[in-house]
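Student: Residue numbers (my numbering): 825 to 1129.
Watch out, some of these pointers could steer you wrong.
[As the list claims (entries may be wrong)] Below, simulated DMTMM-like cross-link-like pairs (lysine to aspartate or glutamate); rule was C-alpha separation at most 25 Å, straight line: (1) Lys-1014 - Glu-911; (2) Lys-1064 - Glu-980; (3) Lys-1122 - Glu-1021; (4) Lys-1031 - Glu-1021.
By construction, these hints were calculated from the structure, which means they are not laboratory data.
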Amino acid sequence: MVYLLHQPMPDHNKVVHLWIYESGFMENSYNPKTESLKKVVFTLFLTISLNSILAYESTADSLGLKNGFKELIIRYQYGDEYYTVEEMKFVRREDKIIGTITIPDNKLLENSETELNANDISSINRFLTKAHEFKDDCVENWSSTYVQYYTIDIDEKRIKIYKFCNWGNSTFLELKKQIFGDYLNRLEEKRMLLNVENNRVLIGNWKYDSTIHKIVKGKIYTLTRLKNTSKETCFLKFKKDQKLVDHYCLKNSKTRYDFEFDIENENLILYINGENKNDRKHFVYGYRFKVLELNEDKIKLTTLY
């Protein structure tokens, strides 16, 4: 008679196959050897199970994890009239924990993959301790139309915290700064080079369709380079210091912005950020465009939302 025992291993989803051989066994008949063999099989099964569990816990302990996980995703949404979403992902790979910034995805500029050290893991522990503490409720520090939403996926479990809880030094942004600080510095250097390269093409005066002030999702806006300007022409003036002046002919006004390029999800993005005032002291909103075409004579932009 042959017994095949399947034992799953929780650490790496492996299965241990245990083969037990016995000769002279007859079904439905009592045999002392058979009863003894059953005890041996049970003992082996129990031993393997305990060893698997202990090995799993030992791996977590060796990493310094107090809140064990295979995959941890932390999503942070914040803002008032405009919301920003950021996300970090942490995966355990054998005796390492690897972190990445998944939103925004800037990997074409610089890969964010980072191996966590002991201090980083301690910070993760503190963050998760706070998350479990706040998962049902918390005393809010303040209230506002500004939102601060945490969505935390710990393997198959999800925690949502949509209140202004006291995270102390364990906020999303503090955690991101500590773990990915070196990466963020490298990313900023790559962004500077990206802007230098594209600014050379962009600097100058560009005629535009005035409907650009009424942003429509998915619409394509085309700008053409101007050699001469007039009061009747609506145009954007891109300057060397990454400043932009919108000469809006229909209202005879000027609005000033900052602008910068970035790469997100493999797309070239143009950010136009309002300085919160124009010559009429009106509040100024910013814009975010995907660049479809950029050359010396033409710019094609489209909105992402």
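Student: Work down the list of hints and note, for each, if the structure agrees.
Tutor: Results for each hint:
no.	hint	in the structure
1	Lys-1014 - Glu-911	holds (21 Å)
2	Lys-1064 - Glu-980	violated (50 Å)
3	Lys-1122 - Glu-1021	holds (16 Å)
4	Lys-1031 - Glu-1021	holds (22 Å)
Going through the hint list in order, the structure does not satisfy hint 2, though it satisfies all others.
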